[in-house]
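Protein chains in written order, with the working numbering: chain A, 1 to 412; chain B, 1 to 422.
Keep in mind that the hints are not guaranteed to be accurate.
Derived PhoX-like pairs: lysine-lysine, alpha-carbon spacing no greater than 25 Å straight-line [to be verified]:
| no. | chain 1 | residue 1 | chain 2 | residue 2 |
| --- | --- | --- | --- | --- |
| 1 | B | Lys28 | A | Lys388 |
| 2 | A | Lys388 | B | Lys31 |
| 3 | B | Lys312 | A | Lys90 |
Derived DEER-like restraints, expressed as beta-carbon distance ranges [stated by the list, open to error]:
| no. | chain 1 | residue 1 | chain 2 | residue 2 | range |
| --- | --- | --- | --- | --- | --- |
| 4 | A | Gln111 | B | Glu68 | 33 to 43 Å |
| 5 | A | Gln111 | B | Gly48 | 45 to 55 Å |
| 6 | B | Glu107 | A | Gln219 | 32 to 42 Å |
| 7 | B | Asn17 | A | Lys315 | 53 to 63 Å |
| 8 | A | Lys315 | B | Gly342 | 37 to 47 Å |
| 9 | B | Gly153 | A | Ala86 | 24 to 34 Å |
If you're looking for bench data, these hints aren't it; they were derived computationally from the structure.
Note that this is a predicted model, so its numbers are computed, not measured.
For every residue, glycine included, the Cβ atom is placed at its ideal position computed from N, Cα and C.
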Amino acid sequence: MLEYYAERTETRSLELADGLVSQVSQSLMQGVGERELEGESTRYTYYMPQHMPEWFAPRTSTLPDNVSEEVAVLHALEALAREQDARVIKVRAVVSSTLTDVSILNTLMEQPVHDHRERHILHLHVVLEQEGRHEMGFASTVLFQPVMRSNPSAWQPLVQRALAQADHLYRAITPEGGDMPVVMTAGASGILLHEAIGHAFEADFNRQRTSIFSDRMGQQICRPHITIVDDATCPLCAGTSAYDDEGIPSQCTYLVHEGRLESYLHDRISAQHYGVRPTGNGRRQSFRHAPVPRMTNTYMLPGEATEEDIIHSVKKGIYAQSFTNGQVQIGAGDFTFFLKTGFLIEDGHLTAPIRDVNVIGNGPRALADISLVGNNLVMDSSAGYCGKAGQTVLVGQGIPTVLVDRLTVGGI
Amino acid sequence: MSMIGHRADARLLWLRNVEETLSIINRKVDKQQRSESQSLALTLYVEGREGFFYTNVFDEASLRRFVERSLAMTRLLAPDESRTLVSPERCYRGGGVPLLNCDDSLEEVPTSQKQSMALATQDEVMDRDSRIISVDSRYVDRIHQVHLLTTGGCEVSECSSRCTLSTLVSVRGEGEARPMDGWGQTRIFLRDLPTEGIGSVALERALRKVGQRPLPAGRYTMVVESPVAPTLLQPLLSAMSGYALQQHSSFLEGRLGQRVGSDLLDLLDDPHQVGTRGATYFDYDGAATHPLRLFDHGRLCTYFIDTPMGHKLGMAPTTQGTHRLIMTPSVLSLQELLCEQGECILVTDFNGGNCNPVTGHFSYGIEGFLVRDGLYVQPVCGMNITGHILDLWQSLVRVAGDHDPYETELIPSLVFEDVSFC
Numbered sequence: 001m002l003e004y005y006a007e008r009t010e011t012r013s014l015e016l017a018d019g020l021v022s023q024v025s026q027s028l029m030q031g032v033g034e035r036e037l038e039g040e041s042t043r044y045t046y047y048m049p050q051h052m053p054e055w056f057a058p059r060t061s062t063l064p065d066n067v068s069e070e071v072a073v074l075h076a077l078e079a080l081a082r083e084q085d086a087r088v089i090k091v092r093a094v095v096s097s098t099l100t101d102v103s104i105l106n107t108l109m110e111q112p113v114h115d116h117r118e119r120h121i122l123h124l125h126v127v128l129e130q131e132g133r134h135e136m137g138f139a140s141t142v143l144f145q146p147v148m149r150s151n152p153s154a155w156q157p158l159v160q161r162a163l164a165q166a167d168h169l170y171r172a173i174t175p176e177g178g179d180m181p182v183v184m185t186a187g188a189s190g191i192l193l194h195e196a197i198g199h200a201f202e203a204d205f206n207r208q209r210t211s212i213f214s215d216r217m218g219q220q221i222c223r224p225h226i227t228i229v230d231d232a233t234c235p236l237c238a239g240t241s242a243y244d245d246e247g248i249p250s251q252c253t254y255l256v257h258e259g260r261l262e263s264y265l266h267d268r269i270s271a272q273h274y275g276v277r278p279t280g281n282g283r284r285q286s287f288r289h290a291p292v293p294r295m296t297n298t299y300m301l302p303g304e305a306t307e308e309d310i311i312h313s314v315k316k317g318i319y320a321q322s323f324t325n326g327q328v329q330i331g332a333g334d335f336t337f338f339l340k341t342g343f344l345i346e347d348g349h350l351t352a353p354i355r356d357v358n359v360i361g362n363g364p365r366a367l368a369d370i371s372l373v374g375n376n377l378v379m380d381s382s383a384g385y386c387g388k389a390g391q392t393v394l395v396g397q398g399i400p401t402v403l404v405d406r407l408t409v410g411g412i
Numbered sequence: 001m002s003m004i005g006h007r008a009d010a011r012l013l014w015l016r017n018v019e020e021t022l023s024i025i026n027r028k029v030d031k032q033q034r035s036e037s038q039s040l041a042l043t044l045y046v047e048g049r050e051g052f053f054y055t056n057v058f059d060e061a062s063l064r065r066f067v068e069r070s071l072a073m074t075r076l077l078a079p080d081e082s083r084t085l086v087s088p089e090r091c092y093r094g095g096g097v098p099l100l101n102c103d104d105s106l107e108e109v110p111t112s113q114k115q116s117m118a119l120a121t122q123d124e125v126m127d128r129d130s131r132i133i134s135v136d137s138r139y140v141d142r143i144h145q146v147h148l149l150t151t152g153g154c155e156v157s158e159c160s161s162r163c164t165l166s167t168l169v170s171v172r173g174e175g176e177a178r179p180m181d182g183w184g185q186t187r188i189f190l191r192d193l194p195t196e197g198i199g200s201v202a203l204e205r206a207l208r209k210v211g212q213r214p215l216p217a218g219r220y221t222m223v224v225e226s227p228v229a230p231t232l233l234q235p236l237l238s239a240m241s242g243y244a245l246q247q248h249s250s251f252l253e254g255r256l257g258q259r260v261g262s263d264l265l266d267l268l269d270d271p272h273q274v275g276t277r278g279a280t281y282f283d284y285d286g287a288a289t290h291p292l293r294l295f296d297h298g299r300l301c302t303y304f305i306d307t308p309m310g311h312k313l314g315m316a317p318t319t320q321g322t323h324r325l326i327m328t329p330s331v332l333s334l335q336e337l338l339c340e341q342g343e344c345i346l347v348t349d350f351n352g353g354n355c356n357p358v359t360g361h362f363s364y365g366i367e368g369f370l371v372r373d374g375l376y377v378q379p380v381c382g383m384n385i386t387g388h389i390l391d392l393w394q395s396l397v398r399v400a401g402d403h404d405p406y407e408t409e410l411i412p413s414l415v416f417e418d419v420s421f422c
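Build the full structure now, drawing on both the sequences and the hints.
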């Protein structure tokens, strides 16, 4: 199969620091990736023609002309942060807009397919000073429409989130480390699914038999009340698109259905290897990269427990609330995520705030150890970046509150 | 530059990359990629305003539109007097001896030759052990050229290259576990790139991980293997950035000149070593680079101050960042260090974790081995180390002399005492 992937991407980023929006970066990049597949072997090259192919059909060629609106929102974020907390000494706010048009044509298609992807991402950092001690809070959000002053519900919540995180850190302790039950909050804890099983379900690792889940297809791998999907059609989710980067229409794939491993995440190569249909998970960072199986928006369907019941069920453990980064070792199955904020749970109640600890688990074991699933599914609105094979893409994630019976929590 | 005229100060970078990647999995070609890219990075300074613009669309009409839009966009910003071109006296204007760190011939070497090298590393491993699941051997090379031009009169060029051969081996472990590890070598010149030993070392490293498990929590002596030791330096380097200091989000704020680590924390950035990776005479803002002492026997000697942060902090600019880091080594091998320690945990990889840039508190996942009197007793995984990064560097008690001179960070294996593992 011969495939052409034509892409034009415009980006613009405005940054407020020290009360001034005095930095802008803007880019315009275009190119064509050419991939030849022969069995499972890929030959890839890309070039940057001064004139894109005739079949390339961008919907629009420029970013929205709303710089003054974006500048106003950045100033409004700073003003709001300073108004809400007198301890604020520094505010840094960034709005980054990306507009990507892609057209994909291959020898299996009669016509090219076209996709238009627009994302606007807001980042807010606040530094607080209290009795000479500094703490930093951070929040981000992914938007699908240009950032406008007239839509404060899209950007105002960042202020409260960033301030709350910084404030939490003043009161937080480093917990005692060890193995313990972990209640994962709804939304941001989607990182658990992403690191514990998501990467290990990517079918390139499985066709090479290097994933710890390589021999588990069709098996019961967790309790029957657990269902996990990867859904590229999820409205207003960071990893949503009309087509994947191989031209496969986006879809919702059941990875785990009622506790049973139902599907891996496939690109065309792995789908052919396994004799199944591609799942629309062939993604790439840009025309400079060949697609590989990636997550889009990965989430767990809600269960029946209330968050309150889940917390009450734990005698001694932690409640994990916000995270910065995570990673996984595909073969061993060991995954980690860095817990930025959370709480101790003592006798069924949230007690002392905790901070800055790494949490380790083993994918199959952690999945099997999810004993309670909440009824409160939340899709995380933060900007989640996922790195694999030297490529970074935006992904979405979500989860209801869950209880993992045992994870290893870093601490003192 | 002629399109900009006298309407702005400007810095223009022309960048060209030529790259080739070959991946061989279980003796079959999995992927070949060869590409060449060029791009322009334009930084404009208009009436105290700074804008950064980037494109790969070069036809004259598009470039004119690009320049006009960039000028117009920059004018929309707030003036900020700190944002100026590097001053003429800090600019690199050429004249350094050739750095000899670019292998132009990489572009001409046929793919088949590179593929043979990757296959050779793979052949060292295949069929050597019944537990092998998969062997992934890669050859990657890259030539990077940069030409920098400013309205202040700087015009300089550099070229660098690297080529890497590596192998990743996955083996069947206990239960469902499939431990994986790898090894690789990187050189500037293809003629210097060894093919022997890479596959064998990768297999040995993968097999020795079979049976990994956590140890009881406690305080152990920690030996960090050279290839992953830079991970622990990174929080210090990030905290030395002028931007972090200016934003009051650095745990090294106010610590210049103070002792922040043990006597053995002795670190130099030397960008002028001929024939080495990381060598360069200029940063991308055009400023000339200089050898810079970062830590002198534990004392913090400098921050990374660029032109705008120099203005804002009232400090003399130093450099944008590091280029070729060199920690003063000893003459000891890793094995000699391990034998000295009695019982210790040898950390061979970090698994996630982070360090709070404001406070310096860290927590990292690790894997490695319990070692007694130099003998590897038990492969270890599923553990964290937790503490404060400056306390950790204060507890550095030994360094080896086993750093890889072909890397850009020449950090030997390190011994830290009394580290909290759980």
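Discussion item. Which constraints among the numbered hints does this structure fail? Numbers only, ascending.
Written reply: 6 and 9
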